[in-house]
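Sequences listed follow chains A and B, in order. Position 90 of the first sequence, counted from 1, bears residue number 90 in this note's numbering, the numbering being contiguous throughout. Going from the second sequence to this note's numbering is simple: count from 1 and add 257.
Mixed in with the good hints, there may be bad ones.
[As the list claims (entries may be wrong)] Chain A regions said to be covered by chain B (calculated; three or more residues, Cβ under 8 Å):
#: 1; region: 25–37
#: 2; region: 133–143
#: 3; region: 197–209
#: 4; region: 232–242
Source of the hints: derived by calculation from the structure; they are not laboratory data. Because the structure is a prediction, the values reported are computed rather than measured. Beta carbons are placed, not taken as given, at the ideal position from N, Cα and C, and that holds for glycine.
2 protein chains.
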Amino acid sequence: MKNERLIFLTNDDGYRSRGIAALIEVARQFGRVVVLAPEEPQSGMSQAFTMSRPLFLRKVREEEGLEVYAFTGTPVDCVKMAFDHLLCDRKVDLVISGINHGSNSAVNVLYSGTMGAAIEGSFYGCPSIGISVDDHSPDADFEGAMRYGEQIIRTILERNLPTPLCLNVNLPAIPADQLKGIRVCRQTAGYWRERFIRHEDPRGREYFWLTGEYVNSEPEAEDTDEWAMKQGYVAVVPVQVDMTDHRRLAELTEAFE
Amino acid sequence: MKNERLIFLTNDDGYRSRGIAALIEVARQFGRVVVLAPEEPQSGMSQAFTMSRPLFLRKVREEEGLEVYAFTGTPVDCVKMAFDHLLCDRKVDLVISGINHGSNSAVNVLYSGTMGAAIEGSFYGCPSIGISVDDHSPDADFEGAMRYGEQIIRTILERNLPTPLCLNVNLPAIPADQLKGIRVCRQTAGYWRERFIRHEDPRGREYFWLTGEYVNSEPEAEDTDEWAMKQGYVAVVPVQVDMTDHRRLAELTEAFE
Numbered sequence: 001m002k003n004e005r006l007i008f009l010t011n012d013d014g015y016r017s018r019g020i021a022a023l024i025e026v027a028r029q030f031g032r033v034v035v036l037a038p039e040e041p042q043s044g045m046s047q048a049f050t051m052s053r054p055l056f057l058r059k060v061r062e063e064e065g066l067e068v069y070a071f072t073g074t075p076v077d078c079v080k081m082a083f084d085h086l087l088c089d090r091k092v093d094l095v096i097s098g099i100n101h102g103s104n105s106a107v108n109v110l111y112s113g114t115m116g117a118a119i120e121g122s123f124y125g126c127p128s129i130g131i132s133v134d135d136h137s138p139d140a141d142f143e144g145a146m147r148y149g150e151q152i153i154r155t156i157l158e159r160n161l162p163t164p165l166c167l168n169v170n171l172p173a174i175p176a177d178q179l180k181g182i183r184v185c186r187q188t189a190g191y192w193r194e195r196f197i198r199h200e201d202p203r204g205r206e207y208f209w210l211t212g213e214y215v216n217s218e219p220e221a222e223d224t225d226e227w228a229m230k231q232g233y234v235a236v237v238p239v240q241v242d243m244t245d246h247r248r249l250a251e252l253t254e255a256f257e
Numbered sequence: 258m259k260n261e262r263l264i265f266l267t268n269d270d271g272y273r274s275r276g277i278a279a280l281i282e283v284a285r286q287f288g289r290v291v292v293l294a295p296e297e298p299q300s301g302m303s304q305a306f307t308m309s310r311p312l313f314l315r316k317v318r319e320e321e322g323l324e325v326y327a328f329t330g331t332p333v334d335c336v337k338m339a340f341d342h343l344l345c346d347r348k349v350d351l352v353i354s355g356i357n358h359g360s361n362s363a364v365n366v367l368y369s370g371t372m373g374a375a376i377e378g379s380f381y382g383c384p385s386i387g388i389s390v391d392d393h394s395p396d397a398d399f400e401g402a403m404r405y406g407e408q409i410i411r412t413i414l415e416r417n418l419p420t421p422l423c424l425n426v427n428l429p430a431i432p433a434d435q436l437k438g439i440r441v442c443r444q445t446a447g448y449w450r451e452r453f454i455r456h457e458d459p460r461g462r463e464y465f466w467l468t469g470e471y472v473n474s475e476p477e478a479e480d481t482d483e484w485a486m487k488q489g490y491v492a493v494v495p496v497q498v499d500m501t502d503h504r505r506l507a508e509l510t511e512a513f514e
């Protein structure tokens, strides 16, 4: 089966998570599956990678068409390890990161370990997808994500969409049957404001625990991922990595002359 | 001195680093300075933030016009802590992150803790700058970064440039007198390829240590930060956070119909 497809999976919740088990089930329909995911949960790790310490890799499962590895690095480290070491002589057809517990829409794409891994995957010449559900509960319902994930994978593979291609896929926390379909849209403008919970540890030392809320800067706009999810759509944002603010190049060139 | 300016400094190399000492020296010329930086080096932390554990803050220095705090979080946590807790009732005129040992030009902007903090700072309505020198050595020469940093700060404050404004400033590792001036430019397209160094730990367990090299996808382009630095310029890239690939919205809308 020389032409069998190879799908690489990772996430930021760790190799034992329910989300990756769901993705394995979906991805196996399309070919061989290799999973290389963090040993422990790594939420909020963004595009972080590890240069200051050594990392450990172990194989945790192997069966026909499936290999699963756990790695002590970040989600991005997992992708680098997979492509630059483990799979370096094999063509990968698709990278999928997720299914994440919690939305990575809007500015969350910047902070997300799930999307950090998906973005990293897109640097290796294959299409990549990050899939997240707007539900942090351990028993989040992944049926919609699996159903639409399958459709998105099928479309990418059958249409052979040109690379680089990185999709940020986010689903609202509603039952699969109530989802209205896929909406291709743009990243909502907004930011987080944090509230630090203050407490004292058992030795009387003050500590802070970060918590916050997202502020949507454009709640009325109807072409954004936040809007699409609120309306019951599966939001799909194509992601690129040029962060240059091209509109300000001329103004700043003049200012610094 | 009600109108005295307030400059907030942070970095990813930790509050004890030479880079932040250099920034303090520069920034104090412009007003009061508050530093809140990581307890320990946090390179490669990107936009990572900490939700899984409590964080500890301590004041390490206070004198006329200067306060320095150390925080156990990431660079982004430091910015959130400063704005949402420590400084919440004070107007901040400028955020500066750095001076980093090592360039954050090109795609490094995605991985950089220095730029993660600068980007985070720009979410709080004040201009922000990340400054990095393309020299990882502990005794890197910061004279050029201090000189041009001062010029950039002065320009931003005197011209009152509109926000959001986030500048990624990178200097080549050459003496200050050889720098040719400021070049406003765009982020170079490219990616990293890693080589994992394999060894065995004292107990015979295999480990991996990440190392890699940057691949410039457009070495001939003359409007990029990589090109500017190679020519001896101080590269200044305005950074924005919409990662949507707007050029592909129509094509993908059609594909997923």
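Those earlier numbered hints the structure runs against, lowest number first: Violated hints: 1 and 2; rest satisfied.
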